[in-house]
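Student: Sequence:
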Amino acid sequence: MLSGIKIVEICGIGPGPFCAMHLADLGAEVIAVERAASTSITGEANADKNPINRGKRSVTADLKTAEGRETVLKLIEGADALIEGMRPGVMERLGLGPDVLLARNPKLVFGRMTGWGQSGPMAQAAGHDNNYVSLSGAMYHCGTAGEAPSSPITLLGDIGGGALYLAVGILAGILNARATGKGTVVDAAIVDGSAHMMGLMLGLAKKGLLSEQRGKSVHDGSHFYATYRCADGRYVSVGSMEPQFYALLLEKLGLKDDPLFAKQWDKSRWEEQRAALAKIFAGRTRAEWCDLLEGTDVCFAPVNSQQEAARHPHMVERGVYFERDGMLQASPAPRFDGKVVAPGEVPTRGQDTAEVMAALEAGNIAGVWRS
409 MLSGIKIVEI CGIGPGPFCA MHLADLGAEV IAVERAASTS ITGEANADKN
459 PINRGKRSVT ADLKTAEGRE TVLKLIEGAD ALIEGMRPGV MERLGLGPDV
509 LLARNPKLVF GRMTGWGQSG PMAQAAGHDN NYVSLSGAMY HCGTAGEAPS
559 SPITLLGDIG GGALYLAVGI LAGILNARAT GKGTVVDAAI VDGSAHMMGL
609 MLGLAKKGLL SEQRGKSVHD GSHFYATYRC ADGRYVSVGS MEPQFYALLL
659 EKLGLKDDPL FAKQWDKSRW EEQRAALAKI FAGRTRAEWC DLLEGTDVCF
709 APVNSQQEAA RHPHMVERGV YFERDGMLQA SPAPRFDGKV VAPGEVPTRG
759 QDTAEVMAAL EAGNIAGVWR S
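Using my numbering, the first residue of the sequence shown is number 409, and each one after it goes up by one.
Treat the hints with caution; some may be incorrect.
What the hints assert, rightly or not - BS3-like, lysine-lysine: derived pairs with alpha carbons at most 30 Å apart:
#1 K747 <-> K664
#2 K660 <-> K624
#3 K747 <-> K687
#4 K660 <-> K687
#5 K515 <-> K614
#6 K624 <-> K515
#7 K624 <-> K675
#8 K624 <-> K590
#9 K660 <-> K590
#10 K590 <-> K472
#11 K614 <-> K590
Quick caveat, the hints were computed from the structure, so don't treat them as lab data.
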């Protein structure tokens, strides 16, 4: 879908590389500029093959040297966009800021991925996903009543509020550049994106369905939108919000005529109703509940681990997960015309350096790119 789109990625951690992978999954040609060696957050050397680099080409360069900087400057001459995730001002100090790069390529989309944004009192502070969603208000309602708020393992901020917003910004910038001939700087801040993602929940607050007190909102306090423990210690999720789905839930559980459940939206009874359903769901195993409720309009699903999800018939038929190099991975999304996009191979760090540098040294900028 993105064939012909050319991206230069200045490799970092988390959302920037994920954004570049997502664009590569969708057909963009991505050249990842990596350090010759790097370490993980544990201080150990990173592997030479990183799954988040699938579908990319990899070159190594030291941006603190004139040669490394010149490599980037030449690469962006033929690129549509650049992705970087350094703290505000670092690219400028390296001599690779927006003013310099857009002077070399006026149509370039300069994608900047940060947690706090390019401006603001906290712009220069270190941070991680949990900090960004904490500040934006997105974490406040995560978790159960009486316990500390928790950060979703899916990295709500880094991926949802960061990488995906940057991807949209880059594509919008490329469309604008093709229409106007002018590049742009995309300031993708995780605090901005994760706050924007709260739009639906803010609408619920207006209706009185999102409380400042955790455990009192529709998503964490109601009995019909909840997660329940089963007899075997596993869990299932129920989301019977609409009246017709709620009626079916009561019918399936034999509660159709129970006066306790007559008023679905009476918040004063939610705690009692939830306790009653918890007792019912604890009476059968997860498999038994799946046999009764899965695939119906109750709005029901088992809570699966990643390995369980990969084996679930629905996920298997859709090809959502696959294994490569002994690692479980998720297939590219979305799909087009009903077909799963085939993910590219994972490069070894720096494997394309010689080929790319030879083209650059020969002055063949166009020859660097394959599309």
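Student: All the hints need checking, so say for each whether the structure fits it.
Tutor: Here's how the hints hold up against the structure:
no., hint, in the structure
1, K747 <-> K664, "violated, 42 Å"
2, K660 <-> K624, "holds, 26 Å"
3, K747 <-> K687, "violated, 43 Å"
4, K660 <-> K687, "holds, 15 Å"
5, K515 <-> K614, "violated, 42 Å"
6, K624 <-> K515, "violated, 50 Å"
7, K624 <-> K675, "holds, 8 Å"
8, K624 <-> K590, "violated, 49 Å"
9, K660 <-> K590, "violated, 59 Å"
10, K590 <-> K472, "holds, 29 Å"
11, K614 <-> K590, "violated, 40 Å"
In the structure shown, a violation is registered for the earlier hints numbered 1, 3, 5, 6, 8, 9, 11, in ascending order.
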